[in-house]
Amino acid sequence: MTVEAEQYDRLVRTAEIVTSYLSRNQVQSIDLPSLIQTVHGKLVELTTEVPDKVEAVQTLTSAAIKRSITSDYLVSFEDGKRYKTLRRHLLGRGLTPESYRAKWGLPSDYPMVAAGYSAHRAELARSLGLGKLRWSAKDAASTPVAKSKAPEVLTAQTSGADESADLIAREPIEDGGAYE
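Going by full-length UniProt numbering, the first residue of the sequence shown is number 1, and it counts up by one from there.
If you are wondering where the hints come from, they were derived from the structure by calculation, not from laboratory data. There could be a bad hint or two in this list.
SDA-like cross-link-like pairs, simulated, lysine to any residue; straight-line CA separation at most 25 Å [stated by the list, open to error]:
| hint | residue 1 | residue 2 |
| --- | --- | --- |
| 1 | 81 | 108 |
| 2 | 132 | 116 |
| 3 | 103 | 121 |
| 4 | 81 | 105 |
Please construct the entire structure, taking both the sequences and the accompanying hints into account.
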């Protein structure tokens, strides 16, 4: 759209808005020019493209960064609250750990999880046996293999032989293919 077309479009929209407003409200003739000017000014403000404001990188002092890290929690620079882990908090605000570090000028090794919380979770995993192989080669070689009994063979002399023969000899049940 050319500049002239944009200006004409704003004037038409201004006239439509003012006409609509005047159909429902009473305005003195002295106030009419200021109303038109105000509406037109707002339309120009809304339709003029302004480059997005780039957020300045907020750098923190090393003392502030050190104070934000404790063994039990991390202090978020976004809202000042304490968190054991910052990942979920940051995702809720539309940030990744990398963008959070860049926004606040934090070092690349800035933790996203409190050290105490991480140690607690690691200890819990160790107590559950996670991270270990179930059978190492040394344990498998030293464990004696238990000899199992040979399965019993059904013979005609066994009392269950007649029943099993009946089961095998029966005709299949017609179910109309419901269980296929």
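Outcome of the hint check:
no., hint, in the structure
1, 81 - 108, "holds, 21 Å"
2, 132 - 116, "holds, 23 Å"
3, 103 - 121, "violated, 29 Å"
4, 81 - 105, "holds, 19 Å"
Consistency with the previously given hints fails for number 3 only.
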